[in-house]
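Peer 1: Take a look at the letters that make up each chain.
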Amino acid sequence: MPGAVLVFAEQRGGVLKRSSLEALSEGRRTADRLGRLLVALIAGDGIGRLADQAVAFGPDRLLLIDSPLLAAYSTEGYAAALGQAITHASAEIVLLACTAMGRDLAPRVAARFGAGLATDCVALMTEGGVFRARRPVYSGKAYATVEFSGSLAMATLRPNVFPAQERPPAACEIVRLELELPESAIRARVVRTELAEKKEIDVADASIIVSGGRGLKDPANFSLIRELAEALGGAVGASRAVVDAGWIEHAHQVGQTGKVVAPALYIACGISGAIQHLAGMSTSKVIVAINKDPDAPIFRAATYGIVGDLFAVIPKMIEEIRRLKAE
Amino acid sequence: MNIVVCVKQVPDTETRIRFGPDGRWIDESGVTFVVSPYDEFAVEEGIRIREARGGEVTVVGAGPERVGQALRTCLAMGVDRAIHIKDDAIERADSLTIARALATAIKAIPFDLILMGKYGVGTDNGQVGPMLALLLDIPQVCAVAKIEIGERVVTAHREIEGAIEIVEAPLPALLTAEKGLNEPRYPSLKGIMAAKKKPIDVRDLSFLGISLPAPGSQPIRWQKLEAPPGRGEGKIFRGDPGESAREVVRLLREEAKVI
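Keeping their order, the protein sequence lines are chains A and B. Heads up, the final residue of the first sequence is numbered 327 in our numbering, and it's a clean run with no missing numbers. Heads up, the final residue of the second sequence is numbered 259 in our numbering, and it's a clean run with no missing numbers.
With the rest of the complex left out, here is chain A (with noise of 0.2 angstroms):
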């Protein structure tokens, strides 16, 4: 029998991470297209109650790795039991989220069985029965299709750029698997782990994204953005310039240097649009630009563009979304 299509279903904390059904969604419609089984992954700790959330989603099969080894992320012990699910499940085509999570594991996986890896894909291609991806290279810049060799082909899909789609109830076989590793083989240990001050939305997980950059000013002036965000839903942002300049962390920076971002909704507030920030952030849904130089570049990625003071149009956007969310 043909080889599955092996989604890792990443979980956090307990909580299936959203960009995870997205490649489960994804994996399902692959392996339709290629008539293969779809078997998803979950590893942790105490994981079968996700299992019910992972089976909306698709899956021929689930396999479930539950280990208190597996608590914590960890490269070695979270490469073991993906490493086990590929052998079980014969898998030729292996999908991972790219998150801070799947940018670790992937390659040491894909290294481990010889596999090529495409990291951040936007598009997966199954034409005339062969497996390619598309995957933005030189920040953006251009766009390269790759192909693969060999037995076992693996991919990351960019965050919020496939879409999560429930499927009617299927049948769906649930494996649980012993995780096949000694203690003493996970030799980088998460000690401590420090939750984001304020409990703020990060823009990498964010379907709404509000940035801000020299435009803006003054550093207090990102309070203008953080209250568009909050309005909103969603997360702040900035670009480069104002992180170098110390106005907010790296952690909110969108760019090259950054962050890459697509989520569904982002204003660029303030920011002109360098090379370096369109490569985090032009693969958006949706981008409205508000800066009051008309020949900003970030006008040519915009969907919506306001040529204007972005002190006189934000307080009138913030006015105007908390009226319609009241309504």
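Between beta-carbon pairs, the in silico distance windows are:
hint, chain 1, residue 1, chain 2, residue 2, range
1, B, D88, A, A164, 42 to 52 angstroms
2, B, D88, A, P219, 45 to 55 angstroms
3, B, K197, A, E230, 52 to 62 angstroms
4, A, R322, B, G232, 23 to 33 angstroms
5, B, W25, A, G114, 15 to 25 angstroms
6, B, R66, A, E230, 48 to 58 angstroms
7, B, A227, A, P168, 33 to 43 angstroms
8, A, T87, B, D27, 35 to 45 angstroms
9, A, A164, B, E151, 43 to 53 angstroms
Honestly, the hints are just simulated from the structure, not real lab data. Here a beta-carbon is modelled for each residue, glycine too, at the ideal position from N, C-alpha and C.
Assemble the complex: chain A is given as a structure, and chain B must be docked to it using the hints.
Peer 2: Chain B alone, transformed into the frame defined by chain A:
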């Protein structure tokens, strides 16, 4: 403390990208090449650790003749020695092949810590670090913004979604650098002069006993490069700020349906 830093030479991030004749790679003519920005953080960190604890920093890079300039830059920053895996085609090879070449060169020298950037800008793969760690059978911590060296142990801060993971690993270990780790120094005039006398060991693939896979048998390769998809014309509003704001909010709700 012996530290190995792997660096990649990449097109300057401001470079305009043109495609080469085979459509699978960029046209490199007229392109300015630099040390990949994330690798600069790794070089700087390697030098700082040596300054605090002694030892030697070796920088390793793979690629054609021009990679020698990138290595020279690292030597001028303060790295002690360099290894150049010299091959005209290796930059176009898959990440695993590059990791194998690096592993072979690095196995021949003593190391306690391997540092490199979280990815090489351009190909943007982010794979060589973890692959190299696997091939050398050492632990890895990716995308770290803070490093503390202890007695045969390293503690690294790694940013994940909404949190920081503090990871402890026994040495030897491999860490990849995230922005924020440090502020890389510029080479001083004295450093540039001193770099001219520092050794660059040139190794070709046959010396390392490895060969590149034939293009068709690489586990992954670029089939074609394309310009990014256009976004189409946006709707730009230039009138009264209040009017524009209200109209865009309406469009976000009714046309784009994102709020």
